[in-house]
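Residue -8 is where the sequence shown starts when you use this note's numbering, and the numbers rise one by one after that.
These aren't lab readings, by the way, just hints derived from the structure by calculation.
Please note: incorrect hints may appear among the correct ones.
Label-pair restraints from in silico Cβ distances [as the list claims (entries may be wrong)]:
#	residue 1	residue 2	range
1	L23	I96	21 to 29 Å
2	M(-8)	I50	30 to 38 Å
3	A(-5)	A93	15 to 23 Å
4	N(-7)	I96	19 to 27 Å
5	A(-5)	R19	17 to 25 Å
6	L9	R85	37 to 45 Å
7	L9	L100	28 to 36 Å
8	A114	R85	17 to 25 Å
9	G111	L58	17 to 25 Å
10	Y113	L74	33 to 41 Å
11	I(-2)	G59	13 to 21 Å
12	G24	M(-8)	15 to 23 Å
Note that the Cβ used here is the ideal one computed from N, Cα and C, for glycine as well.
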Amino acid sequence: MNIALWIVAGLLAAAFLLAGGMKLVRSREDLLGAGMGFVEDFPMGAVRAIGALEVLAAIGLILPAALGIAPILVPLAATGLVLMMVGATIVHIRRGETNGIAPGIVLLLLALFVAWGRFGPYAF
């Protein structure tokens, strides 16, 4: 199970590092072109903050455990991603973006799995 948790954490970290990085460096028009319609409803400062939180969570999923420094940050980062994906799912539902709901729920469930495993029976 430990290997499965590492794999899922790595996949989540890659996904959120890419998505968060895009939100940090791309313009509003580029993000709209990439299918991130929600940026129409938020100021760019909020979009950048979401991106920064995603990048920090991606780092928090891997680095603390890999370095053995404050490994409690791994399940905390996963819990933060769960909360973030709950918010993202709500935004997609309110906007009527049915194509964004399923991936958000999958990411939410994966992050929930990591949080459960690292807080619970497979903690570091």
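We went through each hint and held it up to the structure:
{"no.": "1", "hint": "L23 - I96: 21 to 29 Å", "in the structure": "23 Å, holds"}
{"no.": "2", "hint": "M(-8) - I50: 30 to 38 Å", "in the structure": "23 Å, violated"}
{"no.": "3", "hint": "A(-5) - A93: 15 to 23 Å", "in the structure": "22 Å, holds"}
{"no.": "4", "hint": "N(-7) - I96: 19 to 27 Å", "in the structure": "25 Å, holds"}
{"no.": "5", "hint": "A(-5) - R19: 17 to 25 Å", "in the structure": "38 Å, violated"}
{"no.": "6", "hint": "L9 - R85: 37 to 45 Å", "in the structure": "25 Å, violated"}
{"no.": "7", "hint": "L9 - L100: 28 to 36 Å", "in the structure": "19 Å, violated"}
{"no.": "8", "hint": "A114 - R85: 17 to 25 Å", "in the structure": "36 Å, violated"}
{"no.": "9", "hint": "G111 - L58: 17 to 25 Å", "in the structure": "22 Å, holds"}
{"no.": "10", "hint": "Y113 - L74: 33 to 41 Å", "in the structure": "21 Å, violated"}
{"no.": "11", "hint": "I(-2) - G59: 13 to 21 Å", "in the structure": "19 Å, holds"}
{"no.": "12", "hint": "G24 - M(-8): 15 to 23 Å", "in the structure": "40 Å, violated"}
Consistency with the previously given hints fails for numbers 2, 5, 6, 7, 8, 10 and 12, ordered from lowest to highest.
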